[in-house]
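Participant: What follows is the residue order along each chain.
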Amino acid sequence: MALNNEIIKQKLTEKFGESVSNFKEQFGMLSFETPKEMNLKVLQLLYDDEELKFRFMTDLTAVHYPKELGRELAVVYHLHNLTDNVRLRYKVFTSIENTDVYTTSKLFSAANWMERETFDFYGINFVGHPNLIRILNVDEMDYFPMRKEFPLEDQTRIDKDDEMFGRGGTLGFGTEKSIIGTIAEDEKHNETNKVL
Amino acid sequence: MSDVLHHHIKLPEGSIEKQTTTLNLGPTHPATHGVFQNIIELDGERIVSAEQTVGFIHRAFEKIAERRPLYQITTLTDRLNYCSSPINNMGWHLTCEKLLKVETPKRVDYLRVIIMELARITDHLICNSIVGVDAGAYTGFLYVMQWREHVYEIYEEVCGSRLTTNMGRIGGFERNFTNVAFEKLEKFLKEFPGVWREFENLFKRNRIFMDRTKDTGAISAERALNYGFTGPNLRASGVDYDVRIHTPYSSYQDFDFTVPVGTTGDNYDRWLVRGEEVWQSLSIIEQAYKKVQEFKGTEADVYHADCPAYYLPEKKDVYTKMEALIYHFKIIMGETEIPKGEVYSAVEGANGELGFYLISDGGRTPYRLHFRRPCFIYYQAYSELTDNAMLSDAIITMSSLNLIAGELDA
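Sequence lines, in order, name chains E and B.
For the first sequence, the working numbering begins at 288 and goes up steadily by one.
For the second sequence, the working numbering begins at 48 and goes up steadily by one.
In short, the hints are calculated from the structure, not lab data.
Please note that a few of the clues may not be correct.
[What the hints assert, rightly or not] Pairs of lysine to aspartate or glutamate, EDC-like flavour, derived with a Cα cap of 16 Å:
no.: 1; chain 1: B; residue 1: K234; chain 2: B; residue 2: E204
no.: 2; chain 1: E; residue 1: K435; chain 2: B; residue 2: E109
no.: 3; chain 1: E; residue 1: K393; chain 2: B; residue 2: E269
Chain B extracted, bound-state conformation (with noise of 0.2 Å):
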């Protein structure tokens, strides 16, 4: 047996062992953390090669999203990055208000700052605490999930669900923000910073979660930008790239907010990182809410944009005037048309740039509408991340790149 194996794997040098082992991990393996499968070529605990093995949750989205008509896109965009909906939400919207040459109010534009952020926290605080838990450490996760929860009560608050949420509609939101979900908010940014605090104490100069973490996983920027990286893995490597300052949308340019960066690209600048933004969007939050608080009146009841062919209705307009119900009409049965057009539109979703490619044909579905979805494009670095890792250390690169198999396979 070991005679034919030596003839096709090659065996590193000094190796002790006289074989290598084959392991299959996952793709419902607990520490995969998501369908992935990984067919590992060990040497000890070494690892001499790792293929990957994806599609196993693929559900067309693309295909399905041609038969669609643009609103009932918005449900499929939760289901790809399913740790910030939202995000992925609001990254349609713009996509379609983009093609549409629709114009959000300022108001719309902060309050979607706000939901974008809060995703983006809830994502790193998983992310990360994940990271500790396959460290061995899971009192964090625990912890911190609690907090999860009140972010999702204000969703719920905001849109009626929480994991998928399906948040929003073209030009804005479909019913404005109560008090209940300020007052959550709030309390949100009252509690949650001390939190975090006392979760990165536990971590941050930890002996043992350092060195499990630091310099293992580790890729360089060079190699990072070949590989198509975005998002907080690839500052970690230390390119400053961050859509919402490239290319602003939403109103981002109205904040003030730093990119943190790392320098060596490795699990523990990864943490580091996401750690830092989470701190940087609870103060966009902050500024954002500032900012929503400033508008009186009937500023104030302002929650989309006026383009009534695409939003829309509320239900009591569409019992009593006509206008309204023609378009409710029109856009449930999806007979709207969209103008024809190529639109490539980015937001900086919570694992890198979620990408939005949609073509146009003048009918009432898009012709052809292509997710970049982050986390595809990035995993396939994972061989080489790992190459000659130990076994234990991959899972946490594994966690630590923050795969979403939902955003993975679409």
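So here's chain E without its partners, still in its complex pose (with noise of 0.2 Å):
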């Protein structure tokens, strides 16, 4: 019988039980989550089981969802069963705070620099990786490039924000924000800015 998202549902669920939550299918890929300690073991029994055989790794990266209070950073790996050619998303959440999860570059070679551009992005910290040095950006970077808090103009800059694509800005249109007029109050904008 063709491996199904239904079968892999129930093969999850039946290992781990409640550990494994947030069941989705979009666009026919079925995503689930677990506690990010469990990473390992669900990838390695993705991988080992006769019937799952997710053996290949398609991708893996971070998300930010400063929102989400203790769980804002998703890490999510993409996996491939290429001999029944189905495809699943897995994410584990953690704090920004702590950001350690398990390293899978034992698993998937593939995921030695994958982790690392994760690293050099969102400042996960793979436990037990061979290397997690920056690999895109210059070794001296002090920050998480990729994370929200980082807005891609110039944060000192107040003619341009976000609001213009539809996601709050510094200038307060449409809330009781009022527009920063005075010289003294942009200096004031733009300490509180830095300090962000």
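Join the two chains, each given in its own frame, into one complex according to the hints.
Facilitator: Given below as structure tokens:
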């Protein structure tokens, strides 16, 4: 019988019970999450099981959700079973204070650089990674640029803001916040931004 | 000095050298074809260890994309694998269409297939001829490079630009293909096969070329899969994974073609697989062109899907029609809301599976966009591929992997 999302779901709940949660199916791809401590166990099961056979790591990346307190960062694995041609998406969430997540580079050699990239941009600390250093950014960089607190534009500029693209800005159009007018207020605004 | 080194570097058994040499290959070395740096530890001419440094042309595309409306991201994808930009463009449009649930007409699919396969041919002809250059044969490179020029003329006819094409829109193409484009395509289909055959004859059974490429830079199927290899590099080691077959997009299921596979995964097999893929691409283009010609009358004028909210309207409509003006304004100003959702969509790029992982939170720009760049993932195998290899073979291995710095560094 060909593998389908129902079987994967069943196998996972059978083995891990309540810990596997948030099953979703979007555009045909099954997505689920578990506590971050379990990532190796889950990936190992997906890899070893003779029916599941998720032995190809397509992609590994992270997403930052600053509003979800305690689970700000998501590490997203895309796996592919090449024999049955089924893909799945697996997420673990971690808090931004403690970003330890076990490395999967022992299981998938492909994960080595992808984890370095994820560390480089999101600061996920992959525990046990053989060489967790920056890969695309300069070594001297002391922040994680893909996190949402770093907007693309220079933070001190107030003539451009995200609001134009539908996601709240510094000018506060349509909110109670008034437009920052005086130079003194501008400077104060800049300082608060720097602190952020 | 050598005593110090002996403490740190273990020389291989039977080494006649007293110490190893550190060679800094790149980032702007002529043999690296792109901005790569390799710090190579050499024992004579044999590589003891190689460490890659990447990121020299990192341009933060993923970050930039978080501030751009969908149609402006196409230009970012151009600059990933710039040897086959149209594939990236189409891949991006297909991702958007998947999220926006836009269905494209068959004619658009077939036109896209023509363009994507042309792009695959240009990419492969460069890669294969560069392998030749690195083995000491320059002629073939210049010879086929002319033909890339002819393909670029077709691009120019379709979208107006050549290298970074920014071709097409969400839903289709910006304009219909002109007759000149089809004439150029016909000319290419007629004349290129002879050129490619001649090029292959120069190399395929050439003793020097075979000696240089056989059994060098080899990787087993198992290791290749574990390293996340895709595309011709994976197929050269014997795994017949091709996104066009596994998850057909843009009506690839309507075409009849085979997926060439190798056995040893060495430089020679990679070269052969690419060479054969060019033949398959030519056959696909011919089939697609035939299908395109079957559309007659008004059907032959279809070059985009009916999705006014996302497809930029024609300029003459903008001046005369109210709806077109509104949509034009909304699209250009980036005021079109993207539906919520998470989507992963992949196309068979010229050097592997090019994936787009797009998360939308309902805003006007992606919440998160991640590019699965095939060569970033498989370049990490380079130190394993070149372990204990000769330096000159390592150069060939690098070019036969088809690494494109723009894609690698995003």
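Participant: It remains to establish, for every hint, whether it holds in the given structure.
Facilitator: Going through the hints against the structure:
For a cut-off of 16 Å, the pair hint linking K234(B) to E204(B) stands: about 14 Å separates their Cα positions. Note on K435(E) and E109(B): the hinted pairing holds, with a Cα-Cα distance of about 12 Å set against a maximum of 16 Å. A threshold of 16 Å between alpha carbons decides the hint, and for K393(E) with E269(B) the separation of about 14 Å falls inside it, so the pair holds.
Hint violations for this structure: none, all hints satisfied.
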